[in-house]
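Put together the whole structure using the sequences plus the hints.
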Amino acid sequence: MSKNHRGSGIRSLPAHGRGTCAICGKEDIKVLWEKEINGQTVKVCKFCNAKLKNEARVEARKAKPAEAPAEEAPAEAAE
1 MSKNHRGSGI RSLPAHGRGT CAICGKEDIK VLWEKEINGQ TVKVCKFCNA
51 KLKNEARVEA RKAKPAEAPA EEAPAEAAE
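For the sequence shown, this note's numbering begins at 1 and goes up steadily by one.
Keep in mind the hints are simulated off the structure, nothing from the lab. Nothing here was measured: the structure is a model prediction, and the numbers come from that model. Don't take each hint at face value.
As the list claims (entries may be wrong) - If you anchor each label on the Cβ, the simulated ranges turn out as follows:
(1) H5 with K62: 35 to 45 Å
(2) K46 with K3: 34 to 44 Å
(3) K64 with K26: 12 to 22 Å
(4) E36 with I10: 33 to 43 Å
(5) R11 with F47: 19 to 29 Å
(6) R57 with M1: 13 to 23 Å
(7) A50 with D28: 15 to 25 Å
(8) R11 with K64: 36 to 46 Å
(9) A15 with I37: 13 to 23 Å
(10) K64 with E36: 18 to 28 Å
(11) I37 with P14: 15 to 25 Å
(12) P14 with K46: 16 to 26 Å
(13) Q40 with M1: 23 to 33 Å
Think of the CB as a built atom: it goes at the ideal place given N, C-alpha and C, for glycine as much as any other residue.
So, in structure tokens, the structure goes:
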């Protein structure tokens with residue numbers, strides 16, 4: 001199959017979507033993801049986007065309380 005339309009969405013962007021990442025500072029890298037950081041919307045590269053997603057996932061996991069011990073307590077009270 002041909003791949004004629006690959007990347008056609010970023011051809012209309014200035015510099016074909018390339019620029020400087022607001023987080024890591026890499027230059028001439030694709031900055032296609034908009035993230036809100038400290039109240040400002042900035043464009044970041046895919047590596048920093050993945051890092052921010054992973055940090056958010058870890059924070060959500062830490063905030064989730066452990067529910068397993070709570071399920072065992074009513075079973076003991078029934079006896």
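Checked hints:
1. H5 with K62: 35 to 45 Å: holds, 42 Å
2. K46 with K3: 34 to 44 Å: violated, 20 Å
3. K64 with K26: 12 to 22 Å: Distance hint for K64, K26 is violated at roughly 33 Å.
4. E36 with I10: 33 to 43 Å: violated, 21 Å
5. R11 with F47: 19 to 29 Å: holds, 22 Å
6. R57 with M1: 13 to 23 Å: violated, 34 Å
7. A50 with D28: 15 to 25 Å: holds, 19 Å
8. R11 with K64: 36 to 46 Å: Once the Cβ atoms are compared, 42 Å apart, the range 36 to 46 Å for K64 and R11 holds.
9. A15 with I37: 13 to 23 Å: Once the Cβ atoms are compared, 22 Å apart, the range 13 to 23 Å for I37 and A15 holds.
10. K64 with E36: 18 to 28 Å: holds, 23 Å
11. I37 with P14: 15 to 25 Å: holds, 21 Å
12. P14 with K46: 16 to 26 Å: For K46 against P14, whose Cβ atoms are near 18 Å apart, the range 16 to 26 Å holds.
13. Q40 with M1: 23 to 33 Å: Roughly 41 Å apart at Cβ, these two residues miss the hinted range, so it is violated.
Consistency with the previously given hints fails for numbers 2, 3, 4, 6, 13, ordered from lowest to highest.
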